[in-house]
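Chemist: Sequence:
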Amino acid sequence: MPFCSKCGAQLPEGTKFCTSCGAAIGSQPATTEFIVVTTPTIPGYRVKRILGVVTGLTARTRGVGGKFVASIQSMVGGEVSAFTYEIEKARDEAIQRMKEQAQQMGANAVIGIDFESADLLNVIVISTTGTAVIVEPEQPT
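At position 29 of the sequence shown the residue is numbered 29 (this note's numbering), and the sequence of numbers has no breaks.
Accuracy of the hints is not assured; some may be wrong.
[Unchecked claim] FRET-style restraints, in silico, Cβ to Cβ:
1. A59 / G14: 21 to 31 Å
2. L121 / P43: 39 to 49 Å
3. S117 / G14: 41 to 51 Å
4. S117 / P140: 20 to 30 Å
5. Q139 / S117: 15 to 25 Å
6. V125 / R49: 25 to 35 Å
For the record, the hints were derived by calculation from the structure and aren't laboratory data.
Ideal Cβ positions, reconstructed from N, Cα and C, are used throughout, including at glycine.
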């Protein structure tokens with residue numbers, strides 16, 4: 001029986017992906033990155049196993065300096081880059097937390113990502129939700 005080179009799990013013969021960590025096994029080309037998409041499918045891959053719903057959540061606020069810069073920018077008009085920066089950081093943090101949860105479940109991809117945001121008492125809340133899956137490359141026909 002083969003073993004996963006990433007996590008050491010014992011695997012049945014002919015396994016293409018580790019059922020514990022989702023790593024590619026044998027001569028199969030490995031997915032170089034953890035795949036995260038908003039679509040329900042990934043072109044060139046088939047979903048081998050659905051592991052469940054995963055989420056990532058973060059809440060961020062601006063410090064006094066950032067609020068000062070934002071108030072000046074809002075007087076002039078246009079984009080408030082201080083807030084844009086915080087929202088981007090919050091989004092990236094929520095995605096990373098969701099990916100970590102999926103990897104702990106053994107996924108090598110998350111499909112159907114949905115983003116939600118809210119502003120609660122000057123705190124930006126970003127939430128991501130998706131489906132953790134194990135995918136494998138489709139075989140050419």
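Chemist: With reference to the structure, classify each hint as holding or not holding.
Modeler: Status of the hints after comparison with the structure:
{"no.": "1", "hint": "A59 / G14: 21 to 31 Å", "result": "violated, 45 Å"}
{"no.": "2", "hint": "L121 / P43: 39 to 49 Å", "result": "holds, 42 Å"}
{"no.": "3", "hint": "S117 / G14: 41 to 51 Å", "result": "holds, 44 Å"}
{"no.": "4", "hint": "S117 / P140: 20 to 30 Å", "result": "violated, 41 Å"}
{"no.": "5", "hint": "Q139 / S117: 15 to 25 Å", "result": "violated, 40 Å"}
{"no.": "6", "hint": "V125 / R49: 25 to 35 Å", "result": "holds, 31 Å"}
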